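Starting from the structure of chain A, add chain B where the hints point.
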Amino acid sequence: MKSIRTVFRIWYDELADLFRDKGILIFILFVPLAYPLLYSWVYTNEVVREVPAAVVDDSRTAQSRAFIRRVDATPDVEIVAHCTTVAEAEELLRRREAFGIIRIPESFTKDIWHGDQTFVGIYSDMSSMLYYKALLLATTKVSLEMNADIKVERYMHGTTDRQDEIQHTPIEYDYVALYNPQSGFAAFLIPPVLMLILQQTLLLGVGMSAGRTRERFRGSLVPFHRDYKNPVSIVLGKAAAYFGIYFAMAVYAFTIVTHGFALPQLGDLATLTAFVTPFLLACIFLAMVLSSLVWRREDCILLFVSLSVPLLFISGVSWPWPSIPAFWKGVACLFPSTFGMNGYVRIQSTGATLSDVAFELRGLWIQTGVYFVAACLIYRKQIRRIANRCRR
Amino acid sequence: MKYRGIVERLKAIFRRELGIFSRRPIFLFCMIVMPVVCVVFFTSLMRAGLPTDLPMGLVDEDRTHVTRILVRTMETFEASEFAACYDSFSEAREAVQRGEIYGFFYIPKGTTEQAMASKQPRVSFYTNEAYFVPGTLLMKDMTMTSEILSLALTRETLYAKGYDERAAMAAIRPIVTEAHPLNNPTLDYSVYLSNIVLPGILILLIMLSTTYTIGLEWKQRTQRAWFRMADYSVTTALVGKLLPQTVLYALMIVFYDVYLYRFMGFPCRCGIAAMMGIGILTVVASQAFGVFLFGVFSGQMRLAMCLSSLWGILSFSLAGFTYPTTAMAPVLERLAALFPLRHYYLLYVDQALNGYPIAYAWPSVVALLLFIMLPLAVNGRYRAAFLKYHYKP
Chain A
1 MKSIRTVFRI WYDELADLFR DKGILIFILF VPLAYPLLYS WVYTNEVVRE VPAAVVDDSR
61 TAQSRAFIRR VDATPDVEIV AHCTTVAEAE ELLRRREAFG IIRIPESFTK DIWHGDQTFV
121 GIYSDMSSML YYKALLLATT KVSLEMNADI KVERYMHGTT DRQDEIQHTP IEYDYVALYN
181 PQSGFAAFLI PPVLMLILQQ TLLLGVGMSA GRTRERFRGS LVPFHRDYKN PVSIVLGKAA
241 AYFGIYFAMA VYAFTIVTHG FALPQLGDLA TLTAFVTPFL LACIFLAMVL SSLVWRREDC
301 ILLFVSLSVP LLFISGVSWP WPSIPAFWKG VACLFPSTFG MNGYVRIQST GATLSDVAFE
361 LRGLWIQTGV YFVAACLIYR KQIRRIANRC RR
Chain B
1001 MKYRGIVERL KAIFRRELGI FSRRPIFLFC MIVMPVVCVV FFTSLMRAGL PTDLPMGLVD
1061 EDRTHVTRIL VRTMETFEAS EFAACYDSFS EAREAVQRGE IYGFFYIPKG TTEQAMASKQ
1121 PRVSFYTNEA YFVPGTLLMK DMTMTSEILS LALTRETLYA KGYDERAAMA AIRPIVTEAH
1181 PLNNPTLDYS VYLSNIVLPG ILILLIMLST TYTIGLEWKQ RTQRAWFRMA DYSVTTALVG
1241 KLLPQTVLYA LMIVFYDVYL YRFMGFPCRC GIAAMMGIGI LTVVASQAFG VFLFGVFSGQ
1301 MRLAMCLSSL WGILSFSLAG FTYPTTAMAP VLERLAALFP LRHYYLLYVD QALNGYPIAY
1361 AWPSVVALLL FIMLPLAVNG RYRAAFLKYH YKP
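Line order of the protein sequences matches chains A and B. Using the working numbering, you'd call the opening residue of the first sequence number 1 and step up by one each time. Using the working numbering, you'd call the opening residue of the second sequence number 1001 and step up by one each time.
No lab work stands behind these hints, which were simulated from the structure alone. Here the structure is a predicted model, which is why all the values come from computation and not from measurement. It cannot be assumed that every hint is accurate.
Simulated crosslink set (PhoX-like; lysine-lysine; CA at most 20 Å straight-line) [unchecked claim]:
no. : chain 1 : residue 1 : chain 2 : residue 2
1   : B       : K1140     : A       : K133
2   : B       : K1219     : B       : K1392
3   : B       : K1392     : A       : K22
4   : B       : K1219     : A       : K22
Chain A extracted, bound-state conformation (with noise of 0.2 Å):
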């Protein structure tokens, strides 16, 4: 009983603390909750559309003007400029007034009547994958497209329509981009990116609530103060003060950011209830882990903010995790992150069960205890320390 009265007055004290401090309330209140609108906003028309392409076309016969229609009809490209020379479009390209050249040759209208195949170059500024992609789907496409009609029309011509139909797609296909139908970036993007935030905020907040301490009590982490004698009552405490804050602020990102711009949103609530509690624990206590390398406030910056970026990339979220070298995937389940952002995908843009993400789960609970266990003892040598200190 007095045990649990000293961890909810750890508790009060460390959230009246937080309250009082602008610098941490910056990193758990503010950031949080800014940060996700920031980043869908900037993220918000998710697909490029209309990719400036300059068009050199030595053919200028009806059927290359019809490609060039075509390519330009597409959403993807938009040709912005009809070059007389090679020379001409590459100017545009230094210009960044186009971001790829179609060349059609002088040949292409004769190779198709003589029967031969004849070659479009595309050329691409690779200043960004997505220009590429747009140039590569649009102009593939077109000359699909074209390629069936010439088969039907040159060489296999039927005698109905549906005939000629069907010659011109013996089989025809469907493609399904799932769980992100247009192939956006937010939607791609910001559903692990909540996670990582969440992340990076607690290693910032309770790492400069950590730094605060020290300053206050001559490089100890913990308060001479009788209540802080139970490293193990000292760790719930002040991680209770986190996860309320936080499960808002996860309830907020579920929610409100989801909704507000239009992200999937397959999850349940309960599943991702039972999924981010073990995550924000496993943050909560990697946090007051790496909270001891923080011996002043501002400290916890320059550790913390550079690795969102690798995090982001070692997770398997951008760059796929059967790529990822085995030594990298070691180093990848020591954060909370790499589960956290993996399953919150799973669970909310694909709508999976708490059975589909049984691996992660694991793997959170797994890093819930052992962070537990290695903060309690971080907390237990500084009590010590103290006591030592006392009694010389």
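Just chain B, lined up with the frame of chain A:
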């Protein structure tokens, strides 16, 4: 005479700064450990260039030789690998949800039969676009496979009509589009990402350590002593203090250039010296921007560092190398000019990747030079901060 006095002062502040570094391991961490770990991390993570052997599945209700052709065709693509066959659509979907596969083909019963009878069957394929890169790569290969499947049937018909292989191919694919990804022919993701992400992390670290070292003076109430050492000149004080970091970070970006363009062999069409020059310019610009932010908040370390973090992290988005700025809201497209990484990216693309003359990139060079001039605007605020302000936690 006065000139020599300044040099002596700068030297004294420089030595004092090195003493501060030696007492704090955190400087070692963010000036040397973190940048080196990052360069090793990113280049080894993406050493394959493009992801290969992405697991995919098949729901084959037809089970004929035609569907096996499809599997074989799919297997020949580098990016994909058949991981499993599923009995039903929902089993495959659950495998996607469990993250075991990134996509799958669905071939309904009777596909071959209908194709043989010219009844135009329909196959479908699905990719998990919640994972963008693997989803897109699989989509590309699966589209190709479906086309090939369809064309294989047409080719059989054409052979039956007496066409030879060349004529048949010309009939099937009269127009071939040849993609030429300029200057990155293998679509190497490491070339595309490491070249910008690494300097981006460095810029973030530079801005943070700039505001941190300056702020530390106020925090330890040594700002007056420092100011006295500089003979009450803001410029001397700041230059002397930041010069050690300039040297270290300049060496780091030179190391990056050597590592990426010599050791990894990434394309560098402007010559490595030009990239080193651009890198050092960016280092100084980022430092100057950190100094400016600290001055704007007249010595409030916490706010300056928070804003530096915001700036540094946001620059990965607004530099526009993953998602182009042209596709963002017009306001953001203009705001992007306020981020040093954006200019580094534009210069890198123009110089190293494409090898254009520097004349095409002059606005970015000017922008970086303007960043370097920014501290002049807050000179007065620094003076006030030195004399009046105290550290606020």
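Verification of the hints:
1. For the hint pairing K1140 (chain B) with K133 (chain A), the CA-to-CA distance comes to about 10 Å; that is within 20 Å, so the pair holds.
2. With a C-alpha separation of about 8 Å, the suggested pair K1219 (chain B) and K1392 (chain B) falls inside the 20 Å cut-off, and the hint holds.
3. At roughly 10 Å between alpha-carbon atoms, K1392 (chain B) and K22 (chain A) fall within 20 Å of each other, so this suggested pair holds.
4. Restraint check for K1219 (chain B) and K22 (chain A): satisfied, since their Cα atoms lie roughly 16 Å apart, inside the 20 Å limit.
In summary, this structure violates none of the numbered hints.
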